[in-house]
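Position chains B and C relative to chain A; hints supplied.
Here's the letter readout for the chains.
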Amino acid sequence: MTKKYPGTYLKRDEMYSLPGLVRYKPTAKYSFSAGIAQTKFLEGLKKGKIIGVKCPSCGRVYVPPRAFCEYCHVPMNEYVELPGTGEIHTAVISYISTFRQRMDKPEIVGVVKLDAPGYTKESYEFAGLFHRFCGITEEDVISGKAIGMRVKPRWKPENERTGSVTDIECFEPVES
Amino acid sequence: MRSNIHVKDKVAIVGAGITLFRRRLLETPRELAWEAAKMALDNAGLTLKDIDCVVIGTAPDAFDGIHLNGEYLADGSGGFSKPTVRVYVGGGTGVMVPIAAWWHVASGHCKTVLAVAEEKMSPAHPHPQGVFAYIWDPILERPLGPNLIWIFAMEMRRYMHKCDAKKEDIALVSVKNKRNALDNPVAQAAANITVEDVLSSELLVWPVNRLDISPVSDGAAALVLASENMARRVTDSPVWVEGIGFTLDNTHWYNRELGFPRYVNYAARLAYKMAGIERPWKEIDVAEPYDPFDYKELHHIEGLMLARPCEAPRLLKEGWFNRSGELPTSPSGGLLGVGNPIAAAGLMKVAELFWQLRYEAGARQVKKPVHRGVAQAWGDLMQAGTVIVLGN
Amino acid sequence: MSWWKPRSHEDVIFYPGRQETEEYVYTPGIHGKQFAEALIKGKILGMKCGDKFIVPPTTFCPDFSEGELVEVDTEWTVQYYTEVYRDLYGNQLEEPVVMILVQPLGWEGGLIHYLKPGIKPEIGLRVRPVFKPEEERRGTIDDILYWEPY
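Residue numbers (numbering that gives the first Met the number 0), protein chains in the order written: chain A, 0 to 175; chain B, 0 to 391; chain C, 0 to 149.
If you are wondering where the hints come from, they were derived from the structure by calculation, not from laboratory data.
Even for Gly, the Cβ is constructed at its ideal location relative to N, Cα and C.
Don't take every hint at face value.
[To be verified] Calculated lysine-lysine pairs in the DSS-like style (CA-CA distance at most 30 Å, straight line):
{"no.": "1", "chain 1": "B", "residue 1": "9", "chain 2": "B", "residue 2": "281"}
{"no.": "2", "chain 1": "A", "residue 1": "3", "chain 2": "C", "residue 2": "47"}
{"no.": "3", "chain 1": "A", "residue 1": "144", "chain 2": "A", "residue 2": "48"}
{"no.": "4", "chain 1": "A", "residue 1": "155", "chain 2": "A", "residue 2": "53"}
{"no.": "5", "chain 1": "A", "residue 1": "48", "chain 2": "A", "residue 2": "151"}
{"no.": "6", "chain 1": "C", "residue 1": "47", "chain 2": "B", "residue 2": "81"}
{"no.": "7", "chain 1": "A", "residue 1": "24", "chain 2": "C", "residue 2": "40"}
{"no.": "8", "chain 1": "B", "residue 1": "166", "chain 2": "A", "residue 2": "120"}
{"no.": "9", "chain 1": "B", "residue 1": "81", "chain 2": "B", "residue 2": "110"}
{"no.": "10", "chain 1": "C", "residue 1": "42", "chain 2": "A", "residue 2": "10"}
{"no.": "11", "chain 1": "B", "residue 1": "48", "chain 2": "B", "residue 2": "9"}
{"no.": "12", "chain 1": "C", "residue 1": "32", "chain 2": "A", "residue 2": "24"}
[Unchecked claim] Incomplete in silico selection of chain B near chain C, CB under 7 Å:
{"no.": "13", "residue": "47"}
{"no.": "14", "residue": "123"}
{"no.": "15", "residue": "129"}
{"no.": "16", "residue": "138"}
[To be verified] Computed list of chain C residues with no C-beta within reach of chain A, every gap over 10 Å:
{"no.": "17", "residue": "42"}
{"no.": "18", "residue": "51"}
{"no.": "19", "residue": "92"}
{"no.": "20", "residue": "105"}
{"no.": "21", "residue": "107"}
{"no.": "22", "residue": "113"}
{"no.": "23", "residue": "128"}
Bound-form chain A, shown alone (with noise of 0.2 Å):
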């Protein structure tokens, strides 16, 4: 292992000074279908439900809904409507957006376990979302306070509901 190996390193000025260096800003939209099943679900965020599609050969409860049980195979389409209160199971704190820019104020997201059918407590499986978390603070992520907290979504308004994962503005504690 005494052989040169290849590679030329580039700094980051060396690289923008190179000839030849071809720069593209792609504009690629797009449209993406919720399909039926999660257009049911988005349905219901709208008028402030979480919906959740049972499957008849397991009885697991799915949320957000599928069109179909991952693990039986089978078509599902008997929807359900289902508390909305769950546990957390996972919380961090962000500093950094999308593309990394440090954010003013850190935001706290994670994991919510849904109080849903069909699971047992140990199952490795569970309905939940992944969400943003408010009414608990950074002391809470960081102690580990916040796991296993009980949580329920926090609903935007009504008219300012659009059919999105946002009409929920985040999950806060239940005794709130």
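Relative to chain A, chains B and C alone:
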């Protein structure tokens, strides 16, 4: 006991090559693929004419900024006019490449395979983080403005909670791997740092600091795999592929327990079964678990059954996983120390096992005698596990 | 498929998205850098691989040996052409643009480029590059404005 897996041919690795791993390289992706592939061929004492089939690995096209990146890389990988395929399972790709090469040879379809992995993350601006935005669900996740580090932070937080592990316990992985990388001539992020340095580096998403994470890199790696007959003809020290395993979990990562990597565990069980390994924690001598984040190495050590769940942090503290320890992990320096050109980083781990099992790792050679090693990568949304067991 | 109730397009919610990467920056590579430097000087480089000559130069030859850079010193002809009537977004162009593949006589490979506006394309047409003024050249393929017959 070995499982009854019917193969036409035993498969060996007979050569390896690698480029420098750096934040920014002048070379085009296909030039990097060529440099690594050529070095692997030279190392095996073969030429491109001797190669029957080619397997290429590269992670999302959006990093290199070239669609159909596998096809683009085909000439640099020696794939023209040959059966050539690109495999892709996100971060798991690097180990999927030799797995695919294995089935090419084991099936009897090819006698020799050139397996090449390349990644250039530097083209995407302002930061490759923007590319990672695509991996989030466009409807249920992206509106929340996520950063890729979030998902790792969430998993790390869950692991810390489940195993009562502290940030300083986990930071030791970064310290160990960056130190190991000091002996690696291609390494990008080798350093002698302390736990304190990790904890005081820029806080990105609590519990993740800057030095908990592997860097952004360009680079390529390659292996030559051959059937038993061919391998014995070209080398006295072939390294055998004894077991492979790969599994995929569902995309709904927030519908699963994040504290234990089931997807890695399933893949590991498949690979161990094929290799006839019943007690991996005793029978594996050296390991290269995937370590894009420091906690991930511990998480994966447990998934690979090299330690019991939640036992890895304690063993790490005791020096168990050091190069001089009972079960050295990431002696290469890992992704944290060598760098993380995604697919190439995974293949680098397999190349490191190849060098370790041939006692060619120089200053990086682990203290204990080695007979068997395991390398693993993980990819997608906490989803894909790829595992390979090698023996000498 | 009793569970599958087809819905109209309007019943399903659609979400807009965009490509998140602001810009890609592509480095020219080993031969590419020298190819770029030559373009600035108004020259086109290719590479010699054994007894074959290939353009553009790609650092490595088909047999994996390293290519030797050489200047293209022979005449170029049009191998293929196509006429383009719409831009990338489907908008009608005022004038159709003729794209050509030009190849040096006896060489392999070639360059994709424009034919001089107003010229009728023809396979086998002998052409030469027309460069931008030297001070505007950056080493990219558009340092050549177009190819013209002579």
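How the hints compare with the structure:
1. The hinted pair formed by residue 9/B and residue 281/B meets the criterion: a straight-line CA distance of about 24 Å does not exceed 30 Å.
2. In summary, the hint linking residue 3/A to residue 47/C is supported, as the alpha carbons are separated by about 25 Å, within the 30 Å threshold.
3. Taking the CA atoms of residue 144/A and residue 48/A, the gap is about 27 Å. The hint holds against a cut of 30 Å.
4. Only pairs whose Cα atoms come within 30 Å are accepted, and residue 155/A paired with residue 53/A is accepted, the gap being roughly 27 Å.
5. The suggested pairing of residue 48/A with residue 151/A holds, with an alpha-carbon distance near 11 Å, which does not exceed 30 Å.
6. For a cut-off of 30 Å, the pair hint linking residue 47/C to residue 81/B stands: about 23 Å separates their Cα positions.
7. At roughly 27 Å between alpha-carbon atoms, residue 24/A and residue 40/C fall within 30 Å of each other, so this suggested pair holds.
8. Between residue 166/B and residue 120/A the alpha-carbon distance is near 27 Å, which keeps this suggested pair within the 30 Å criterion.
9. The hinted pair formed by residue 81/B and residue 110/B meets the criterion: a straight-line CA distance of about 13 Å does not exceed 30 Å.
10. Note on residue 42/C and residue 10/A: the hinted pairing holds, with a Cα-Cα distance of about 28 Å set against a maximum of 30 Å.
11. For the proposed pair residue 48/B and residue 9/B, the alpha carbon gap of about 22 Å is at most 30 Å, so the pair holds.
12. Restraint check for residue 32/C and residue 24/A: satisfied, since their Cα atoms lie roughly 21 Å apart, inside the 30 Å limit.
13. Checking residue 47/B against chain C by beta carbon gives a least distance of about 5 Å; that is within 7 Å, so the hint holds.
14. Interface restraint check: residue 123/B against chain C, minimum CB-CB distance 5 Å, threshold 7 Å, status holds.
15. The interface hint given for residue 129/B holds, since its Cβ lies 4 Å from the closest Cβ of chain C, which is under the 7 Å cut-off.
16. With 7 Å as the threshold, the beta carbon of residue 138/B comes within range of chain C, its nearest partner Cβ sitting at about 5 Å, so the hint holds.
17. Consistency note on residue 42/C: stated as away from chain A, and its beta-carbon is indeed over 10 Å from all of that chain's, at 13 Å minimum.
18. Distance to chain A confirms residue 51/C as a non-interface residue, since its nearest Cβ pair spans about 24 Å, more than 10 Å.
19. With a minimum CB-CB distance of about 18 Å to chain A, residue 92/C clears the 10 Å threshold, and the non-interface call stands.
20. Every CB of chain A is more than 10 Å from the CB of residue 105/C (nearest about 26 Å), matching its label as outside the interface.
21. Against chain A, the non-interface label of residue 107/C holds: every CB pair exceeds 10 Å, the least being about 22 Å.
22. Distance check on residue 113/C: its Cβ is at least 17 Å (rounded) from any Cβ of chain A, clearing the 10 Å threshold; non-interface status holds.
23. Remark: the non-interface label on residue 128/C is consistent with the geometry, its nearest Cβ contact in chain A lying 16 Å away (cut-off 10 Å).
In summary, the structure agrees with every hint in the numbered list given earlier.
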